[in-house]
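Novice: The chain contents come next:
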Amino acid sequence: MVQSLNRLKESPSQTAGPYIHIGATPNHSGIEIYGNGGDLGRTLVGPDAKGERIVIKGHVIDGGGAPLKDALVEIWQADSAGLHNSPQEKRGKADPAFAGWGRQPTDGVTGEYRFETIKPGRVPFVDGRLMAPHVTFWIVARGINVGLHTRMYFSDEAAANTECPVLARVEHRDRVATLIAARGEEGGRAVYIFDIHLQGEQETIFFDI
Amino acid sequence: MTDQGSFYQRDRGWHPPPFTPHYKTSVLRSPQRALLSLENTISEMTGPVFGHGVLGEYDNDLIRNWAKTGDPVGPRIIVYGRVLDENGHGVSGALLEFWQANAGGRYRHKKELYVAALDPNFGGCGRTITDDQGRYCLRTIKPGPYPWPNRVNDWRPAHIHFSIFGHAFAQRLITQMYFEGDPMIWQCPIVMGIPDRNAIETLVAALDRENSIHMDALAYKFDIVLRGRRSTLFENRTEGN
Ligand SMILES: [Fe+3]
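Chains as they are written, first to last, in the working numbering: chain A, 1 to 209; chain B, 210 to 450.
In isolation and in its complexed conformation, chain A is listed as follows (with noise of 0.2 Å):
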């Protein structure tokens, strides 16, 4: 025998369930549950947060091309300098106006998902070298085993999304599409459509993090 590392073991991933919306967005679900503070993860964007404001809104889509409208998405970003509003950022300090996370579930009819935020500035890799623009998603939902984990880029930052180290490292090239958002316009506010392909010809690059 050797020394123990005395390492513990992360408790296995199970699915969120066709119920995730209860846990997770009780007051979506029905459940008036909590008081006035809602659902966690709707508001990102406070009155007097910095930078632009954009939507973001997409949907989930199974093998055989159907919206999941059971699904929970979370994303987590920097502000518009870079920043995360979080203790383990360390570079600086973030705007307060912006919380940095959002949880919204896929609509129980249409499978929509949408959130507003503002659009983030650049956060180095881990070699000091700038990444491109990006927000980071989390999906969960019944059939999902382990949740994944993705980024959502801009297409209005080719530049960027061109020198982007992550990016970079995707062998098959025609795949950096699937985190490329289309930029569009809503009622003169910047919207990106981002649609998760969890299989299929436009499977959505997964990362294992």
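There could be a bad hint or two in this list.
A few chain A residues that face chain B, going by a derived Cβ cut-off under 10 Å, partial list only [stated by the list, open to error]:
#, residue
1, Thr-15
2, Pro-18
3, Gly-41
4, Thr-43
5, Gly-46
6, His-172
Label pairs and their in silico Cβ distance ranges [what the hints assert, rightly or not]:
#, chain 1, residue 1, chain 2, residue 2, range
7, A, Glu-186, B, Ala-243, 32 to 40 Å
8, A, Val-2, B, Ala-326, 35 to 43 Å
9, A, Asn-27, B, Gln-342, 29 to 37 Å
10, B, Gln-213, A, Leu-5, 14 to 22 Å
11, A, Thr-43, B, Gly-297, 45 to 53 Å
12, B, Gly-279, A, Ala-97, 28 to 36 Å
13, A, Lys-93, B, Val-361, 30 to 38 Å
14, A, Gly-188, B, Gly-297, 47 to 55 Å
15, B, Val-258, A, Val-170, 49 to 57 Å
16, B, Asp-391, A, Leu-5, 28 to 36 Å
17, B, Gly-297, A, Gln-202, 38 to 46 Å
18, A, Glu-163, B, Glu-248, 15 to 23 Å
Everything labelled a hint here was simulated from the structure, so no lab data went into it.
Nothing here was measured: the structure is a model prediction, and the numbers come from that model.
All residues carry an ideal CB built from backbone N, CA and C; glycine is no exception.
Once you have looked at the hints, place chain B with the ligand on chain A.
Specialist: What follows is chain B with the ligand alone, placed relative to chain A:
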């Protein structure tokens, strides 16, 4: 020495694989391409903080947080434990959210198909935040097993769903807690998607008679482990990068 580094690689052989065909919904919802390996960047090593200020007085008490005319029906239980990281350190300030069926196995959800009765006094969800040692507790009624549309006659063992938010987005985890002694654990295609029996057993809460409350509630102990961080030994890594 503090644990400041990136997270230990997730052991994908310990978790259920994405494609578990006996759990039919996974067939069309499991990515088929290899995941893209990415060492943790600050985007994954940071995460939001949930202050105790977001919690209401009864948020972790499912016996009280939805009660309208009296207590919900069913065996009263306390679930307690710690949220630890893989280094065995308590994770303070972790947000735990939990949801479950009522004592009859029925969820309060409009898409629920099971004929068991709703309980007017049971909402079925709660939340709490761990203390400085990573400890948490909640009070609820023991959920019933329930049938679900998978194979013709599949039933879930009694369980409580847990969503856990540690200190970093990379630690994000959803899992389920099962109850000691339940034979249905070993018949469930969702549970059995986990390849290693030892891994499954870490999701089975132990009945703790010593901490049961006389004439009131049984206790179950359920510890949860999140990913741990590397120690930054001799690493010339710019802080936060
Ligand atoms: Fe369940």
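Novice: Taking the hints in turn, state whether each one holds.
Specialist: Outcome of the hint check:
1. A hinted interface residue such as Thr-15 of chain A counts as satisfied when its beta carbon comes closer than 10 Å to some beta carbon of chain B; here the least separation is about 6 Å, so the hint holds.
2. Below 10 Å, beta-carbon pairs count as interface contacts, and Pro-18 of chain A has one with chain B at about 7 Å; its hint therefore holds.
3. Of the supplied interface hints, the one on Gly-41 of chain A holds, with its beta-carbon coming within about 8 Å of a beta-carbon of chain B, less than 10 Å.
4. Because the beta carbon of Thr-43 of chain A sits about 13 Å from the nearest beta carbon in chain B, more than 10 Å, this interface hint is broken.
5. Violation of the interface hint for Gly-46 of chain A is found here, the shortest Cβ-Cβ separation to chain B being roughly 14 Å, above the 10 Å cut-off.
6. With its C-beta approaching chain B no nearer than about 9 Å, His-172 of chain A sits inside the 10 Å limit, and its interface hint holds.
7. Separation of Glu-186 of chain A from Ala-243 of chain B is about 35 Å and conforms to the stated range, judged on CB atoms against 32 to 40 Å.
8. For Val-2 of chain A and Ala-326 of chain B, the Cβ-Cβ distance of about 56 Å falls outside the hinted range of 35 to 43 Å, so the restraint is violated.
9. About 31 Å separates the C-beta atoms of Asn-27 of chain A and Gln-342 of chain B, a value consistent with the hinted range of 29 to 37 Å.
10. Taking the beta carbon of each, Gln-213 of chain B and Leu-5 of chain A are about 19 Å apart, inside 14 to 22 Å as hinted.
11. Roughly 36 Å separates the CB atoms of Thr-43 of chain A and Gly-297 of chain B, a value that falls outside the hinted 45 to 53 Å.
12. For Gly-279 of chain B paired with Ala-97 of chain A, a C-beta distance near 44 Å fails the hint of 28 to 36 Å.
13. In this structure the hint that Lys-93 of chain A and Val-361 of chain B lie 30 to 38 Å apart at CB is violated, the actual value being about 58 Å.
14. Hint check: Gly-188 of chain A to Gly-297 of chain B, Cβ distance near 53 Å, so the stated range 47 to 55 Å holds.
15. Between Val-258 of chain B and Val-170 of chain A the CB atoms are about 32 Å apart, so this pair departs from the stated range of 49 to 57 Å.
16. As the Cβ distance of Asp-391 of chain B to Leu-5 of chain A is approximately 32 Å, the hint placing it in 28 to 36 Å holds.
17. The hinted window of 38 to 46 Å between Gly-297 of chain B and Gln-202 of chain A holds, with their beta carbons roughly 42 Å apart.
18. In this structure the hint that Glu-163 of chain A and Glu-248 of chain B lie 15 to 23 Å apart at CB holds, the actual value being about 18 Å.
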